[in-house]
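**Q** Since the structure of chain A is provided, determine the placement of chain B on it from the hints.
Chains A and B are the protein sequences, given in the same order. FYI, the numbering for the first sequence is 1 to 510, going by full-length UniProt numbering. FYI, the numbering for the second sequence is 1 to 510, going by full-length UniProt numbering.
Source of the hints: derived by calculation from the structure; they are not laboratory data. A portion of the hints provided could be inaccurate.
[Stated by the list, open to error] Just the calculated beta-carbon pair ranges, DEER-fashion:
1. Trp172(A) <-> Pro100(B): 48 to 54 angstroms
2. Gly43(B) <-> Arg317(A): 54 to 60 angstroms
3. Gly106(A) <-> Gln409(B): 48 to 54 angstroms
4. Ala110(A) <-> Gly476(B): 45 to 51 angstroms
5. Pro100(B) <-> Glu413(A): 49 to 55 angstroms
6. Thr469(B) <-> Val234(A): 58 to 64 angstroms
7. Pro478(B) <-> Gly114(A): 47 to 53 angstroms
Beta carbons are placed, not taken as given, at the ideal position from N, Cα and C, and that holds for glycine.
2 protein chains.
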Amino acid sequence: MAMNDATPPAPPGTLRLRRMGIDTYQEPVLYMHSGCHVCHSEGFEAQSRVEVGLGGRTIVATLNVVSGDFLSPDEAGLSEAAWRLLGASGGDVASLRHPPPLESLGHVRAKVYGRRLTQAAADAVITDIAAGRYSDLQLACFVTACAGDLLDLEETVAITRAMVRAGERMHWSEGPVMDKHCVGGIPGNRTTMLVVPIATACGLRMPKTSSRAITSPAGTADTMETLAPVDLDVPHIQRVVERTGGCIVWGGAVRLSPADDVLIRVERPLDLDSQGQLVASILSKKAAAGATHVLIDMPVGPTAKVRGVHAASVLARALRDVGQAMGLHVRVAQTDGLAPVGRGIGPALEARDVLAVLRGDPGGPADLAQRAAMLAGELLEMGNAAAAGTGASVAEAVLKDGRAWRKFQEICEAQGGMREPPVAPCRQEIVAPRSGTVIGMDNRRLARVAKLAGAPKTPCAGIDLHVRTGEFVERGQPLYTLHAGSPGALAYAADYAHAQHDAVHVIEDD
Amino acid sequence: MAMNDATPPAPPGTLRLRRMGIDTYQEPVLYMHSGCHVCHSEGFEAQSRVEVGLGGRTIVATLNVVSGDFLSPDEAGLSEAAWRLLGASGGDVASLRHPPPLESLGHVRAKVYGRRLTQAAADAVITDIAAGRYSDLQLACFVTACAGDLLDLEETVAITRAMVRAGERMHWSEGPVMDKHCVGGIPGNRTTMLVVPIATACGLRMPKTSSRAITSPAGTADTMETLAPVDLDVPHIQRVVERTGGCIVWGGAVRLSPADDVLIRVERPLDLDSQGQLVASILSKKAAAGATHVLIDMPVGPTAKVRGVHAASVLARALRDVGQAMGLHVRVAQTDGLAPVGRGIGPALEARDVLAVLRGDPGGPADLAQRAAMLAGELLEMGNAAAAGTGASVAEAVLKDGRAWRKFQEICEAQGGMREPPVAPCRQEIVAPRSGTVIGMDNRRLARVAKLAGAPKTPCAGIDLHVRTGEFVERGQPLYTLHAGSPGALAYAADYAHAQHDAVHVIEDD
Numbered sequence: 001m002a003m004n005d006a007t008p009p010a011p012p013g014t015l016r017l018r019r020m021g022i023d024t025y026q027e028p029v030l031y032m033h034s035g036c037h038v039c040h041s042e043g044f045e046a047q048s049r050v051e052v053g054l055g056g057r058t059i060v061a062t063l064n065v066v067s068g069d070f071l072s073p074d075e076a077g078l079s080e081a082a083w084r085l086l087g088a089s090g091g092d093v094a095s096l097r098h099p100p101p102l103e104s105l106g107h108v109r110a111k112v113y114g115r116r117l118t119q120a121a122a123d124a125v126i127t128d129i130a131a132g133r134y135s136d137l138q139l140a141c142f143v144t145a146c147a148g149d150l151l152d153l154e155e156t157v158a159i160t161r162a163m164v165r166a167g168e169r170m171h172w173s174e175g176p177v178m179d180k181h182c183v184g185g186i187p188g189n190r191t192t193m194l195v196v197p198i199a200t201a202c203g204l205r206m207p208k209t210s211s212r213a214i215t216s217p218a219g220t221a222d223t224m225e226t227l228a229p230v231d232l233d234v235p236h237i238q239r240v241v242e243r244t245g246g247c248i249v250w251g252g253a254v255r256l257s258p259a260d261d262v263l264i265r266v267e268r269p270l271d272l273d274s275q276g277q278l279v280a281s282i283l284s285k286k287a288a289a290g291a292t293h294v295l296i297d298m299p300v301g302p303t304a305k306v307r308g309v310h311a312a313s314v315l316a317r318a319l320r321d322v323g324q325a326m327g328l329h330v331r332v333a334q335t336d337g338l339a340p341v342g343r344g345i346g347p348a349l350e351a352r353d354v355l356a357v358l359r360g361d362p363g364g365p366a367d368l369a370q371r372a373a374m375l376a377g378e379l380l381e382m383g384n385a386a387a388a389g390t391g392a393s394v395a396e397a398v399l400k401d402g403r404a405w406r407k408f409q410e411i412c413e414a415q416g417g418m419r420e421p422p423v424a425p426c427r428q429e430i431v432a433p434r435s436g437t438v439i440g441m442d443n444r445r446l447a448r449v450a451k452l453a454g455a456p457k458t459p460c461a462g463i464d465l466h467v468r469t470g471e472f473v474e475r476g477q478p479l480y481t482l483h484a485g486s487p488g489a490l491a492y493a494a495d496y497a498h499a500q501h502d503a504v505h506v507i508e509d510d
Numbered sequence: 001m002a003m004n005d006a007t008p009p010a011p012p013g014t015l016r017l018r019r020m021g022i023d024t025y026q027e028p029v030l031y032m033h034s035g036c037h038v039c040h041s042e043g044f045e046a047q048s049r050v051e052v053g054l055g056g057r058t059i060v061a062t063l064n065v066v067s068g069d070f071l072s073p074d075e076a077g078l079s080e081a082a083w084r085l086l087g088a089s090g091g092d093v094a095s096l097r098h099p100p101p102l103e104s105l106g107h108v109r110a111k112v113y114g115r116r117l118t119q120a121a122a123d124a125v126i127t128d129i130a131a132g133r134y135s136d137l138q139l140a141c142f143v144t145a146c147a148g149d150l151l152d153l154e155e156t157v158a159i160t161r162a163m164v165r166a167g168e169r170m171h172w173s174e175g176p177v178m179d180k181h182c183v184g185g186i187p188g189n190r191t192t193m194l195v196v197p198i199a200t201a202c203g204l205r206m207p208k209t210s211s212r213a214i215t216s217p218a219g220t221a222d223t224m225e226t227l228a229p230v231d232l233d234v235p236h237i238q239r240v241v242e243r244t245g246g247c248i249v250w251g252g253a254v255r256l257s258p259a260d261d262v263l264i265r266v267e268r269p270l271d272l273d274s275q276g277q278l279v280a281s282i283l284s285k286k287a288a289a290g291a292t293h294v295l296i297d298m299p300v301g302p303t304a305k306v307r308g309v310h311a312a313s314v315l316a317r318a319l320r321d322v323g324q325a326m327g328l329h330v331r332v333a334q335t336d337g338l339a340p341v342g343r344g345i346g347p348a349l350e351a352r353d354v355l356a357v358l359r360g361d362p363g364g365p366a367d368l369a370q371r372a373a374m375l376a377g378e379l380l381e382m383g384n385a386a387a388a389g390t391g392a393s394v395a396e397a398v399l400k401d402g403r404a405w406r407k408f409q410e411i412c413e414a415q416g417g418m419r420e421p422p423v424a425p426c427r428q429e430i431v432a433p434r435s436g437t438v439i440g441m442d443n444r445r446l447a448r449v450a451k452l453a454g455a456p457k458t459p460c461a462g463i464d465l466h467v468r469t470g471e472f473v474e475r476g477q478p479l480y481t482l483h484a485g486s487p488g489a490l491a492y493a494a495d496y497a498h499a500q501h502d503a504v505h506v507i508e509d510d
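Just chain A, with the same shape it has in the complex (with noise of 0.2 angstroms):
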């Protein structure tokens, strides 16, 4: 090192911090070099768990041993998750140690050879998860341990209050508060940001956490922060439900259950069918946002996340039999889950659906604005703000006379003030390949243009579609519109859209 070198070595067991730009998928990864002196004096090796300190954080990450000449011996590299999660800056300095061992595991070993989990070991697992102790190949063997049909109720509302527990909780005041989540698996079907305007302006409470798209093209969050901000902190989100009666927010900026987004990153790829972690990472969301009504809309159909009638019904009790254990009254709406709702896929598109539906656009998208209603018209039954059974129509009037436009306006500018969606500067028309009757779409595929196209990290980008299954198409007439932030994103859904044209619409000779 030169003399006159700005940077002073850094002492003893620390390293300068490098972020390294490589996108793990949320697993935070360290980097070090095979000369590196805190790497041999530790005995660090591939794989090894080491701890980063920085201040007073402190992340656990999977060391990747690096010879190549990209970094240097005096440089710890981090990974994009680990880099946020430790709050790092450009030259901070951390230390590097071997973390304390991990007694927890011996409760995931336990589980695996068959015995039950009590809460005492629910909270020492779930505490260390939620604090990025576990290694994604220990998050792993917990799914497993946990999936199909392993976890009993009582181990299942074990784990739903330790992820509570393990968080951040709001609070409210006495009274109701209102809540919805929806299963998920078929795109648009933006329902929220309709039911929440409708059950605040019918008098009920509905402080609405959502979560950003993970795998999809938009979520409700996305959608949402092109007509309002939505990363506000709790005693914000507090004025906002003080004032309007709702919100609809970011969740991840206030923390609840985090658990669950970490294991949610080993879930997807797993494909594990595992009905008790899916009831602790729902319900255990809602209870730690303060909820105490909980309605579940639940889309059964080949494509969406729930399957089957019979599988709907298994899932709909443990819901209700896990959310009366934690305390909460849970509904659930088994809907349709066969195809899309709504015409937009992708956040400003979704968001235009909802503006048209609030603003009763004669053009806007019926068929979300009914299940909207149908759903409110739950929620207003179970807070009583409907009698049985005219929920629905008294949601509806609320939509048609403008309340719930006017509300969803008040909810806007208290969350920071509305704003207009974006609009795609790049567009192209999808055709129809031949004339015939649409009798199905694929969902996944769709989302899969979408994605390309830009969303949600384009927010105006996506899909707009224009027949619905069931229609008649002649040959050469538009099937969707193509939206993008710029040529290249295009020609990429373009290129894709028409490679794989009859799986997206399957159109049948009539």
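**A** Just chain B now, with coordinates in the frame of chain A:
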């Protein structure tokens, strides 16, 4: 790109490969830039599984998306494991696409949900695992689903058979083929290099394939390599065995039961006690090597792999039963697993112990000689080369009269020529901090010190023990000598040895 650039652009769907020099502990990882056209047009995302094709070979790797500037958008970076598996060279251009769906994962899910693994299911799963098609998360899921006592005898046999079928096999002419295996957990204990020459000197056939160290300071292959080449192909192994009756070679060069090598890398960090997997791992290697008679050395002790007598007898029965189903004669010898066997820890130091025993040096480690004679005696009796009850004394005689030593030299010459083990240039004595009786040694910390000194990568590095458990030591008396290849490595090991002084050797005042 400049007009006179020597490298033409890669064809569509392909990228130029780059060796990143990142050790991900065996997991094949692919690094693509977030601005990469293939990444966009194929719709790959962080954690996507991607099939990388080069010539006739394909591997499946996990994608990490890079936004840093150390990778260019027209390159595909490979981790060390991916580079090696693909057999890539600098400048190679590879194709990148979505891998076919992993159908066998359905069998893993079925096992998680409580159904039994059939032979067909085991074959499908193990074939995909051996081909590297499972991600580490999916491997952890399979390992967890098979852990504890979740595999019954038939399922264990099915997995063992599948593991043999998924790799290469060695074939031998009619007659007994002897083998031995140590379940492991204690340093030193380098008996194989004594048992093979004793057994073959008595007329038995013993083509021994051994492993290199994974987490220990030395494997038998590492130790043998300090005396003779071990990296032989199958025809060479067969010539050596025809000429001498035996061999001691590295099994990794001949791809016996490759699924086992893949599974081991996730079993280790999970530390799940999985009897079925352990039995399948041991016996699949032996069956693939063409063995007919297998002796298992099972050290039992609180810091060994098998911790108590009950666990030992359950495991022994499973080994015998599965062995029988595979057509193998299996005998299990329970041995003392309380302490290291021999004095050296590290390849060259363990080789020195072996040579001392073979040459009958008066100062050679008696415990190693005795353990080897006992195990060889069992093998002689199994192979009818000694009458029942006389095996150990026959083996001792063969050691004492030099026949084993001559046979060992013959084997080394046939494997490519005998050589002298290297000697460490840097040494340091670690002395007793006080007087008293050594009442115990920590095998794991001893192994750690030896590895910090450089073992097994630096073959001359390791530990030379001077005192045994039960001996009285004076303050300042040498407990052991560190051997290292460089002053830096010596300093690392000595620092740790001093910091952990009381834990490595436990000395009690008299």
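**Q** Against the earlier hints, flag every one the structure doesn't satisfy and list their numbers going up.
**A** Hint 2 contradicted; others consistent.
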